Every structure is written in C-alpha cells, then in structure tokens.
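Same order as they appear, the protein sequences are chains H and Y.
Going by the UniProt record's numbering, 156 is the number at position 156 of the first sequence; the sequence numbering is gapless.
Going by the UniProt record's numbering, 187 is the number at position 187 of the second sequence; the sequence numbering is gapless.
Take every hint as true, because none was put in to throw you off.
A pair counts as met if it fits within one copy or between any two copies, since identical chains are not told apart.
Listed next, the in silico DMTMM-like pairs over lysine to aspartate or glutamate satisfying Cα-Cα at most 25 Å (straight line): (1) LYS221 to GLU180; (2) LYS33 to GLU94; (3) LYS221 to GLU211; (4) LYS221 to ASP140.
For the record, the hints were derived by calculation from the structure and aren't laboratory data.
All of these numbers come straight from a predicted model, not from anything done at the bench.
Number of protein chains: 2
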Amino acid sequence: MKFGKLDRAPSYRMLAETVEREILEGRLRPGDKLPTETAFAEQFAVNRSTVREGIRLLEESGLVRREGGRRLFVARPETADLASRMSRAMVMHEVTFRELWETMMALEPMAAELAAANAQPEHLEALAANLAETKALLADTVAVARLDIAFHALIAEAAGNRALLLAREALGQLFYPAFETVISGIPSAPERLLVAHGQVFRHIQAGNAAEARLWMERHIKDFKRGFDRLGLDLAAPIALPKQKRA
Amino acid sequence: MKFGKLDRAPSYRMLAETVEREILEGRLRPGDKLPTETAFAEQFAVNRSTVREGIRLLEESGLVRREGGRRLFVARPETADLASRMSRAMVMHEVTFRELWETMMALEPMAAELAAANAQPEHLEALAANLAETKALLADTVAVARLDIAFHALIAEAAGNRALLLAREALGQLFYPAFETVISGIPSAPERLLVAHGQVFRHIQAGNAAEARLWMERHIKDFKRGFDRLGLDLAAPIALPKQKRA
Numbered sequence: 001m002k003f004g005k006l007d008r009a010p011s012y013r014m015l016a017e018t019v020e021r022e023i024l025e026g027r028l029r030p031g032d033k034l035p036t037e038t039a040f041a042e043q044f045a046v047n048r049s050t051v052r053e054g055i056r057l058l059e060e061s062g063l064v065r066r067e068g069g070r071r072l073f074v075a076r077p078e079t080a081d082l083a084s085r086m087s088r089a090m091v092m093h094e095v096t097f098r099e100l101w102e103t104m105m106a107l108e109p110m111a112a113e114l115a116a117a118n119a120q121p122e123h124l125e126a127l128a129a130n131l132a133e134t135k136a137l138l139a140d141t142v143a144v145a146r147l148d149i150a151f152h153a154l155i156a157e158a159a160g161n162r163a164l165l166l167a168r169e170a171l172g173q174l175f176y177p178a179f180e181t182v183i184s185g186i187p188s189a190p191e192r193l194l195v196a197h198g199q200v201f202r203h204i205q206a207g208n209a210a211e212a213r214l215w216m217e218r219h220i221k222d223f224k225r226g227f228d229r230l231g232l233d234l235a236a237p238i239a240l241p242k243q244k245r246a
Numbered sequence: 001m002k003f004g005k006l007d008r009a010p011s012y013r014m015l016a017e018t019v020e021r022e023i024l025e026g027r028l029r030p031g032d033k034l035p036t037e038t039a040f041a042e043q044f045a046v047n048r049s050t051v052r053e054g055i056r057l058l059e060e061s062g063l064v065r066r067e068g069g070r071r072l073f074v075a076r077p078e079t080a081d082l083a084s085r086m087s088r089a090m091v092m093h094e095v096t097f098r099e100l101w102e103t104m105m106a107l108e109p110m111a112a113e114l115a116a117a118n119a120q121p122e123h124l125e126a127l128a129a130n131l132a133e134t135k136a137l138l139a140d141t142v143a144v145a146r147l148d149i150a151f152h153a154l155i156a157e158a159a160g161n162r163a164l165l166l167a168r169e170a171l172g173q174l175f176y177p178a179f180e181t182v183i184s185g186i187p188s189a190p191e192r193l194l195v196a197h198g199q200v201f202r203h204i205q206a207g208n209a210a211e212a213r214l215w216m217e218r219h220i221k222d223f224k225r226g227f228d229r230l231g232l233d234l235a236a237p238i239a240l241p242k243q244k245r246a
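Take these sequences, add in the hints, and give me the full structure.
Here it is as structure tokens:
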C-alpha cells in the first residue's frame, strides 16, 4: 500500500479516514494486514503517537482489529457493536415503546415471511429446541422472556437478510424489560406466547410465508394488548436493560 | 459529579465507560457540562493524556461534544452518524440489493401508514414541494433520483417514529445509486414514480393509512421490476455511493 503525505489537521483523523477509504472502496479487504506503526508513521510523515490515535479511531469503528494484541488487520464491524450503539442512541433520544413496537410490527412479520422461504435445517433445529425449552420452562417467566427474545432473533437469522437483522437487533435488546413485564404480569401470556411461537414455527417449517407472517403479526399485536392491559404507558421512553458489568 | 478512582487498565477506556454509564442512566443529561480535563484527572487519579483519550472515545460515540472547541457537554448521538456506521457495516458485510430491498419492503409501507396518522402541516408542505419539483424536473433523471430519496426520507419523518427513521436511514443512503440507475435506464420510470408518489401523498394527506401503505408497497415493488428489467443482479453486493470529500 502507498499513501500520500498528510497536509491537514488533525492528522490522526485524516490518517483514519484515509485508511477507512482504502477499506470501504475495497483496496484493503477483511483479513488484510495493515502496515506496522513505524511504516504508517513513515508513509504519512507523522509521528507514532499520531498513528496510534488514528488506529484507535479505526479500532473503535470496528474496521480494524488487533491480532493477538500485535499486528493490525482489516475487520468487518461487529453487528452486535452497532446494535448497542443504536440502542444507546434510542435511549438518549427518548424513543418510546410505541415507536419501538411500531418498528417491530414492520420488521418481525417480514422476518417470519422470509424465514419461511430461507430457513435452513440448522435454523429449524434451533427453533424447535427453543420451543421445547419454552414449553418445559413455561412457569418460569424470566426464562420465557429470555427464550422469547431468542426465538425472535432466531427467526431473523433464518430470514437470511443481514440488513433486516441489523435493523432489528437493537430493538430486540431494548424490548427485553417490556417482554418480561408482560410475561410475568399476565397469567395467560406464557401460554399464548407458546401457541403463537408454535404456529409461526410450523408455518416456517412448511414454507407457508403468508401464514408465518400472519401469526407473527398476531403475536406482536398480542404483546401490545398485554402492555395496554397492564396499564403500561406506550408513550413512556424506553430505558437500557440493566447491564452486567465486570 | 463524583467518580471513584480507577483501578483497572486501560484507564482511558474505563474513564469513557464510567462517564457513559452516568449519561445512559440519566445522571448526566444532554446539555450538562462535563468537568474540565484537570478536574477529571484529579477525580479519576489519572494523567491528563489519559483523560484526553477517554474523552476522544466519548466524542467518537457521539455522547459528548465540545462547545465552541472548549467546554465539553453531554450530547445525543447524531442519527446521521449512526446511519453512516450502519451503511459502512453493510458494505463490509457485502449485503446484497435483495436484502436491502426486502428491508425497504418492510419499513417503507409502515412509514407511509404511520405518516397518514401522524403527518403535521409542515410535513405535508414539504412533501407537496417535493412533488412539484419532481414534476418540474421529470426529464432530469439525476434530480429525480435525488428527489426520490428526499421524498422517502420526508415520509419517514412524517411517520413520527425515530426508531423507524434510524432503521431506514442507512438503507436510503445505500439505495441511491440503484435508484439513479433504474430512473435513468427505464424511460417510463420517472413518470411512474411521479404517479406513485402523488398517490402516496394524497392518501397521507387524507389520512387513509391503508391506501397510503398499499401505494407505497406498489411503488417499492415497481422499483424491483425496473431493477429486474434492466438485468441488474439482486444478489450483487451493494457499494458505498461516491462521496464528496473536502
């Protein structure tokens, strides 16, 4: 790789942007090794601390990772990292449950429809295992809420669409506390959830896109009914789920 | 604000995470001033270069901004910044046009449906102005593509749902080159687009959610037909639109 000498401040940002452009335009590919710090410093005619700052920006953006703490290589940004950024932004913008729910109503039925066309045997197996576990743990509302989130994430994976997966990943995380509240607050909720999940699964397995979509729509609407029945406020801003921290 | 002394490396990251937690849990609110570098260095018992690195991370995440280059204050992450991160991630993961189009098929009809319920007079005005300009510039395919992106972004704004807005913003950016190709490659495309946009607008204005949704669905399907007719490959990975750079 050859880079021109930098001519504008702040240099660390220009260095990061130059490398980013090489990556995004495909001249550097995921897995490619980056030059060493010394080589960067020479090529860009900047000192090593500038190189380190620029590289830190690239690491933050997920476009560059360190292999065993040493050589830098080009990486793909992790969708999980992007999803937490989106979650944080939604919390800071005081996005409401209504907004979250409406977006789920757009994405989840499409995910079920696509899963009916694209699900692979391993997805069907994982979904069947999730259903069996939900059935076995139906009295444990915390477990059911966790399995519910996992079920929907599995459907999104089975849909074979990474744009959809990325768009909904942040929403799933944010919905967790509300799921748990509805599931533990309404006695019939776990049973209704199990029935709906069972139908969605059956239609995905059979390749019935329209039916899979319909049952998912019913299921998402049912969640809102539970939310309303508990007197919860759809206009309330969402909060971040409590995080386990080291 | 009081912070405890840091006890684990790397310190700059722990500093950033500590401040981030204060922000996300609402103890520091948007607009609040942060302590000075010196105060941070004392409170965390670290040196100022560590403080600067930690703050740089917070600035990168959009949670902190500098007021006139000096005092730091708490900010909300910009959705435009998140959208570019998502776009870059999708390019790096070689997301295809099919995936993008399917996700648009999920989000755009919902946006039109919600806009019929929530559009404010200023949204309707902006949409009417967009339509008038599209009509006036119908022979200029570059202008029509630009106005098309703007029309869909306006609908998403009129929907009054920031979760949906955020989810689709990255997609709109990535679709631009394909819009332009279809609009300039198929002689009837600008006229068909104008008719569809007109119908979507009319039904939003009249508050007909179901009709607004239906016309939006037709419009998005029509785009795919154009794409197919030109022999373009839905399985091809998307690319970043050419960026204007300083």
